[in-house]
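Asker: Residue numbers (UniProt numbering), protein chains in the order written: chain A, 1 to 222; chain B, 1 to 61; chain C, 1 to 260.
Be careful, since some hints might not be right.
Unchecked claim - Label-pair restraints from in silico Cβ distances:
{"id": "1", "chain 1": "C", "residue 1": "E242", "chain 2": "B", "residue 2": "A35", "range": "19 to 29 Å"}
{"id": "2", "chain 1": "C", "residue 1": "I236", "chain 2": "A", "residue 2": "E160", "range": "29 to 39 Å"}
{"id": "3", "chain 1": "C", "residue 1": "G13", "chain 2": "A", "residue 2": "D82", "range": "22 to 32 Å"}
{"id": "4", "chain 1": "B", "residue 1": "S31", "chain 2": "A", "residue 2": "S19", "range": "43 to 53 Å"}
{"id": "5", "chain 1": "A", "residue 1": "P28", "chain 2": "B", "residue 2": "N34", "range": "34 to 44 Å"}
{"id": "6", "chain 1": "C", "residue 1": "F200", "chain 2": "A", "residue 2": "S76", "range": "45 to 55 Å"}
{"id": "7", "chain 1": "A", "residue 1": "S76", "chain 2": "C", "residue 2": "I236", "range": "39 to 49 Å"}
{"id": "8", "chain 1": "A", "residue 1": "V58", "chain 2": "C", "residue 2": "D144", "range": "45 to 55 Å"}
{"id": "9", "chain 1": "C", "residue 1": "I236", "chain 2": "A", "residue 2": "N80", "range": "41 to 51 Å"}
{"id": "10", "chain 1": "C", "residue 1": "S78", "chain 2": "A", "residue 2": "E126", "range": "49 to 59 Å"}
{"id": "11", "chain 1": "C", "residue 1": "D37", "chain 2": "A", "residue 2": "V205", "range": "45 to 55 Å"}
To be verified - Some but not every residue of chain C turned toward chain A, in silico, with C-beta under 7 Å:
{"id": "12", "residue": "L130"}
{"id": "13", "residue": "R150"}
{"id": "14", "residue": "W173"}
What the hints assert, rightly or not - A few chain A residues that don't get close to chain C, going by computed Cβ distances all over 12 Å:
{"id": "15", "residue": "M1"}
{"id": "16", "residue": "P28"}
{"id": "17", "residue": "F29"}
{"id": "18", "residue": "G79"}
{"id": "19", "residue": "N80"}
{"id": "20", "residue": "L213"}
Please keep in mind that the hints were generated in silico from the structure rather than gathered at the bench.
Remember, predicted model here, so these are calculated numbers, not experimental data.
Backbone N, C-alpha and C fix where the C-beta goes; we use that ideal spot for every residue, glycine too.
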Amino acid sequence: MWHDVRLIAGKDLRIEWRSQVATGQVAPFAILVLVLFGFALDADTVALRTFTGGLYWVTVLFSAVLAIQRSFALESADGNRDALRLSGIEPAAIFFGKATALVVQLVLLEVLLGAGVAVLYGPSVEDFPLLVATAGVATIGVAAAGTLYGVLAAGLRVRETILPILLLPVLAPVLIGATRAFDDALGTVAVNGWNWLALLGLTAVVYVAFGALAFGVLLEDS
Amino acid sequence: MTHSGFIFAAWGIVLAVLVLYSVHLVLRGRSLTNAVEPEHRRWLDSGAETKGVSHPPREQP
Amino acid sequence: MSPAEVTSTGSRGTRVIGSIVLAGIVFHVLLSFVWSDPDADQGDLVRIMYVHVPSAWLAYMAFTVTAFGGVMYLWKRSLWWDLVAGASAEIGVVFCALALVTGSIWGRPTWGTYWEWTDVRIVTTLVLLLLYIGYLAVRRIPADPHQRSRRAAVVGIIAALNIPIVRFSVDWWADRTLHQKATIKLGGTELDGLMLFALFFGLILFTLIYAWMMIHRFRIAWLDEQIDRHGLDAAIAERLAESTSDVTRAVGLTKTGADL
């Protein structure tokens, strides 16, 4: 099973590496959103610094939607999906493989965004381990929910519009939790970020467990 | 009664929406019933609470 | 009644429920506006609660039925359960929207704003509404019935799994302002007997309304299914009959041509 997971994840990452869509389009889009927030908040440094956590995670979610769409656009071309089903690989392994590839891409994106935020908004980091742990756990939640809804939307004529309306409300708790934890780590709001991290962990466990179970049901069709 | 505007607005909206939705359901039900061949409406017949049957037996018209 | 006479999705059952509901609405209005007194804290605004709380309650119940229908569908693979889930979700969205609107109207004189971000219930309910609008959108995507049912079941179950998570996270998130707990006291000793009764009567009445709507909505979904399944067959049969006659005519023509 773990061999298959590595196989699927490796395939996705190799395709991404060669096609350069993630680096050439998704990453610049994410930076663009950061700049747009700067304009929208009238370059108010205090506001930008106060809301860094929230703006960061909103940007991550929007970019994640693009990355997820991309991840499943790969499968709908050339009847790849049927090939996946014919390969005899367990649906759960496909789920973990695709989610892993997404996690890797999102983590790279978050590092880049983190650098962008550090330069553009200038927050101060007070609790670096909390920051890293939050990013890691939240990313797993986003990738798990995204993989499940990604396969659902893949191949539909309305995939571009159905994915965000399904995914973003489900990720609302992740946005709340990750933002609060970041607020603590960046010292902007006095909350206990580690509690929020625990909530994020619970969310990630639920999404990963249900995703692994339900992925096969969704892969059956279309 | 204080705040009567708010109270009547809330009640009015609830009743209006429930009535409109119910009317919509009934009208839609009527038009669909007429659009379906009688032999496929069989679950609607007398004592019609036969919803528990996922594939009702075929009835000869 | 024989099937041929059926002209609507109504039946004896729905007519009985419908009559009870109509009488119940009259009773509920009297109970809420005439017989019960204003609340000591909220004054007359408590009268909004008699429709607001039942709406919210029914929304949660309807969404629970949707999730249950989804689980049952995945287990039994019976379209019946899927149609129940879909019917319940649509009605749930109606009640959910009503709960939001009435809550917001209640909030204006109470908090001074239509929207209070620190109130957990109203924020959670909005997220719920959006989740189930997504669910209904998935159901509307044209697809083979079982394909649609599988997708809908998964989305419906995730949405229900999300209810406690959303609720909990919003609760925690809003907790930094401490005034919110004091805004509403319902249940327990704060309401006198008749007010409590009005609230419970509202719950029963709205549950009956839900039942009436469910029966109609389910039958509509069933009929839609029949049209999808048999309507196409009928159209194809009709078209085939046409083209067969075309072919016969064409063959006839060729024959005539050959004869020449």
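Asker: Run every hint past the structure and note whether it holds.
Answerer: Now for the hints, and whether the structure bears them out:
1. In this structure the hint that C/E242 and B/A35 lie 19 to 29 Å apart at CB holds, the actual value being about 21 Å.
2. Look at C/I236 against A/E160: about 33 Å separates their beta carbons, and that is inside 29 to 39 Å.
3. Under the hint 22 to 32 Å, the C-beta atoms of C/G13 and A/D82, about 46 Å apart, miss the expected range.
4. Roughly 50 Å separates the CB atoms of B/S31 and A/S19, a value that falls within the hinted 43 to 53 Å.
5. Between A/P28 and B/N34 the C-beta distance comes to about 56 Å, which lies outside the given range of 34 to 44 Å.
6. As the Cβ distance of C/F200 to A/S76 is approximately 52 Å, the hint placing it in 45 to 55 Å holds.
7. A beta carbon spacing of about 29 Å between A/S76 and C/I236 contradicts the range 39 to 49 Å that was offered as a hint.
8. At roughly 36 Å, the beta carbons of A/V58 and C/D144 sit outside the given window of 45 to 55 Å.
9. Under the hint 41 to 51 Å, the C-beta atoms of C/I236 and A/N80, about 32 Å apart, miss the expected range.
10. Roughly 55 Å separates the CB atoms of C/S78 and A/E126, a value that falls within the hinted 49 to 59 Å.
11. The hinted window of 45 to 55 Å between C/D37 and A/V205 holds, with their beta carbons roughly 49 Å apart.
12. The interface hint given for C/L130 holds, since its Cβ lies 4 Å from the closest Cβ of chain A, which is under the 7 Å cut-off.
13. Proximity of C/R150 to chain A holds as hinted, the smallest CB-CB distance being about 5 Å (cut-off 7 Å).
14. Evaluation of the C/W173 hint against chain A yields a held restraint, the C-beta minimum of about 5 Å falling below 7 Å.
15. Distance check on A/M1: its Cβ is at least 22 Å (rounded) from any Cβ of chain C, clearing the 12 Å threshold; non-interface status holds.
16. Non-interface call for A/P28 relative to chain C: holds, since the shortest CB-CB distance, roughly 28 Å, exceeds 12 Å.
17. The beta carbon of A/F29 is kept farther than 12 Å from every beta carbon of chain C, the shortest such distance being approximately 23 Å.
18. At roughly 17 Å, the least C-beta separation between A/G79 and chain C is larger than 12 Å, which holds for a residue marked as non-interface.
19. Taking the minimum C-beta to C-beta distance to chain C, about 18 Å, the non-interface status of A/N80 holds against the 12 Å cut.
20. The beta carbon of A/L213 is not kept farther than 12 Å from every beta carbon of chain C, the shortest such distance being approximately 9 Å.
Comparing the model with each numbered hint stated earlier shows that hints 3, 5, 7, 8, 9, 20 do not hold.
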